[in-house]
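For chain P, the structure is supplied; the task is to place chain V on it using the hints.
These protein sequences, in sequence, are chains P and V. Take the first sequence: its position 179, counting from 1, is numbered 178 in numbering that gives the first Met the number 0, and each next residue is one higher. Take the second sequence: its position 126, counting from 1, is numbered 125 in numbering that gives the first Met the number 0, and each next residue is one higher.
These are computed hints drawn from the structure, not numbers from a lab. There could be a bad hint or two in this list.
Straight line, CA to CA, 25 Å or less: simulated DSS-like cross-link-like pairs of lysine-lysine [what the hints assert, rightly or not]:
#1 V/LYS23 x P/LYS189
#2 P/LYS59 x V/LYS44
#3 P/LYS189 x P/LYS94
#4 V/LYS64 x P/LYS300
#5 V/LYS27 x P/LYS189
#6 V/LYS27 x P/LYS300
#7 V/LYS116 x P/LYS300
Label-pair ranges, simulated between beta-carbon atoms [said to hold, decoys possible]:
#8 V/GLN16 x P/VAL301: 54 to 62 Å
#9 P/ILE178 x V/LYS102: 54 to 62 Å
#10 V/GLN16 x P/LYS300: 53 to 61 Å
Where a beta carbon is used, it is the ideal one built from N, C-alpha and C, also for glycine.
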Amino acid sequence: MSPETAATAPREFKTDTLFINLGPQHPSTHGVLRIGLTIEGEVITKAVPDVGYLHRGTSKLAEVRGYHHCVVLTDRWDYVSAMPNNLVFCLAAEKILGLKVPPRADAIRVAMCELNRLASHLLFFGTYGIDTGAITPFLYAFREREMILDLFEMVCGARLTYNYIRLGGVMVDVTEDWIAKCREFLEYFKPRLDEYDTLLSFNPIFMARTQGIGCISKEVAVNWGLSGANLRGSGVNYDVRKADPYCGYDQYQFDIPLGKTGSCWDRYYCRVSELRQSVRIVEQALDKLPAGPFMATGVAKVPKPQPGESYAHVEASRGDLGIYLVADGQASPYRMHVKAPSFINLAILQELLAGRKVADVIAVLGSIDIVLGEVDR
Amino acid sequence: MIDYFKTIFSATSATCQGLWITLKYMFKPSITVQYPTEKLVPYEKFRGALLFDAETCISCNLCVKACPSVCIALENATVPDPKNPALKKKVAKVDWYSIDFGKCNFCRLCEESCPTKPKSVWHSLDYELVFFNRDEMVRCWKAGFSFIGKYWDRKTKEFKAPAGQISIHEVAPRR
Numbered sequence: 000m001s002p003e004t005a006a007t008a009p010r011e012f013k014t015d016t017l018f019i020n021l022g023p024q025h026p027s028t029h030g031v032l033r034i035g036l037t038i039e040g041e042v043i044t045k046a047v048p049d050v051g052y053l054h055r056g057t058s059k060l061a062e063v064r065g066y067h068h069c070v071v072l073t074d075r076w077d078y079v080s081a082m083p084n085n086l087v088f089c090l091a092a093e094k095i096l097g098l099k100v101p102p103r104a105d106a107i108r109v110a111m112c113e114l115n116r117l118a119s120h121l122l123f124f125g126t127y128g129i130d131t132g133a134i135t136p137f138l139y140a141f142r143e144r145e146m147i148l149d150l151f152e153m154v155c156g157a158r159l160t161y162n163y164i165r166l167g168g169v170m171v172d173v174t175e176d177w178i179a180k181c182r183e184f185l186e187y188f189k190p191r192l193d194e195y196d197t198l199l200s201f202n203p204i205f206m207a208r209t210q211g212i213g214c215i216s217k218e219v220a221v222n223w224g225l226s227g228a229n230l231r232g233s234g235v236n237y238d239v240r241k242a243d244p245y246c247g248y249d250q251y252q253f254d255i256p257l258g259k260t261g262s263c264w265d266r267y268y269c270r271v272s273e274l275r276q277s278v279r280i281v282e283q284a285l286d287k288l289p290a291g292p293f294m295a296t297g298v299a300k301v302p303k304p305q306p307g308e309s310y311a312h313v314e315a316s317r318g319d320l321g322i323y324l325v326a327d328g329q330a331s332p333y334r335m336h337v338k339a340p341s342f343i344n345l346a347i348l349q350e351l352l353a354g355r356k357v358a359d360v361i362a363v364l365g366s367i368d369i370v371l372g373e374v375d376r
Numbered sequence: 000m001i002d003y004f005k006t007i008f009s010a011t012s013a014t015c016q017g018l019w020i021t022l023k024y025m026f027k028p029s030i031t032v033q034y035p036t037e038k039l040v041p042y043e044k045f046r047g048a049l050l051f052d053a054e055t056c057i058s059c060n061l062c063v064k065a066c067p068s069v070c071i072a073l074e075n076a077t078v079p080d081p082k083n084p085a086l087k088k089k090v091a092k093v094d095w096y097s098i099d100f101g102k103c104n105f106c107r108l109c110e111e112s113c114p115t116k117p118k119s120v121w122h123s124l125d126y127e128l129v130f131f132n133r134d135e136m137v138r139c140w141k142a143g144f145s146f147i148g149k150y151w152d153r154k155t156k157e158f159k160a161p162a163g164q165i166s167i168h169e170v171a172p173r174r
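Excised from the complex, chain P in its bound form (with noise of 0.2 Å):
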């Protein structure tokens, strides 16, 4: 090559792939989840999120304990919002069982599960807002957040990990001090939204770095079997409490907010708006509270149910929780199988990250909202 030729000819830079993992330590994973990224440059060309580092065994453990403890086992799987966790178990418990449950708990349940997705949703927007580097509405949403963990405090004795859905009923009673401390909590939040609209949602910043971002359209959101917000942010209508009411969600009067073109952005506010929905199912809930026992008769101390199968399934905050259970006649369940949203949404994650940037990644991984002890269980 004369030398003429080597100053026009374009330069051949040695480019390589580079693999860097993110996580399992990462603050922004949300717990233990590792994302082995192979990118060139700027760009991701592959990206495979590895699960695995949470498993707890829970649906072995469930195996060899019986019912009433396999309601502890579930506080576990997703750990902001046990609440549903509970209840999809005790409703696939209390079909095999045949257990009928009083209309006073079912309204409890209904309030308790709509307080919990007020809590997980109130989670993921403050997180969702420190990963895209605003840090001021994360204090603002724990603000809220701690009240309603007051609120189970004060119930059943646990903020967390509440074991307070049971077979055939609730744990305890609700008081009249505990509905009164409920409406003056929703009296003060509903407000809020607004502040979170005002602080977040709607600000060019944030909807700048969060929209256009990770789009998956309609027919990728169904083929990869998306619920919950991830699946309405992408325009699909389907809601667990509409398509299969559970706990007489039937009567109660709400509206599925929906996204238009499945960007980061459209779940983000999906969930935002569900935080109004949520309140006014409460409110509903509380107002219609009928009298009567809160727990059924008859649900023994070590319950036996016959041979036979169930499966139910809710929306939990993170999608639609199913669980299918095997009796086989003993003490324990045969076979507890657990379809979790959040193990089923993190798997679109490999799709959506290829061949965007690497500053995008949180970006995208935050909005699916994920919980790591539910992916793995």
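This is chain V only, laid out in the frame that chain P set:
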């Protein structure tokens, strides 16, 4: 060019709106609790560290069966009735009772299953459970021990009072 200034304007106005919200809260009293110096007392139903009373326990094993993580163990003992020691009739008492706080779920199933009145095992309001070694996690009770119990130190081979549990209420009001 106009878009450029529009973007600057919208971002600045949004920042100002956000700062206005934070400014409103600046003059309100703080909700932060300065934890180590200032401590909250939990609600009455709080499920804190378990306490045990060896005097009332009848060693019926119900709490052992109710525990989902198998952290309770006990040994039976039959002793002369303390009310009428002259009689030959003996009553069931507990020889020793232990809870492994390393496994405990704090789920209240043991307390709910306890048949005695007042409860022999119940949740206190103590949320400050700190363990300096593994021996300390296994809390042990015998007749004459306090409700908080003691732990067996395997090195010195003696019962020691737990150092890491700060007692808020030794007897919870709901017992």
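Quiz item: What are the numbers of the hints the structure violates, in ascending order?
Solution: Structure breaks hints 2, 3, 6 and 9.
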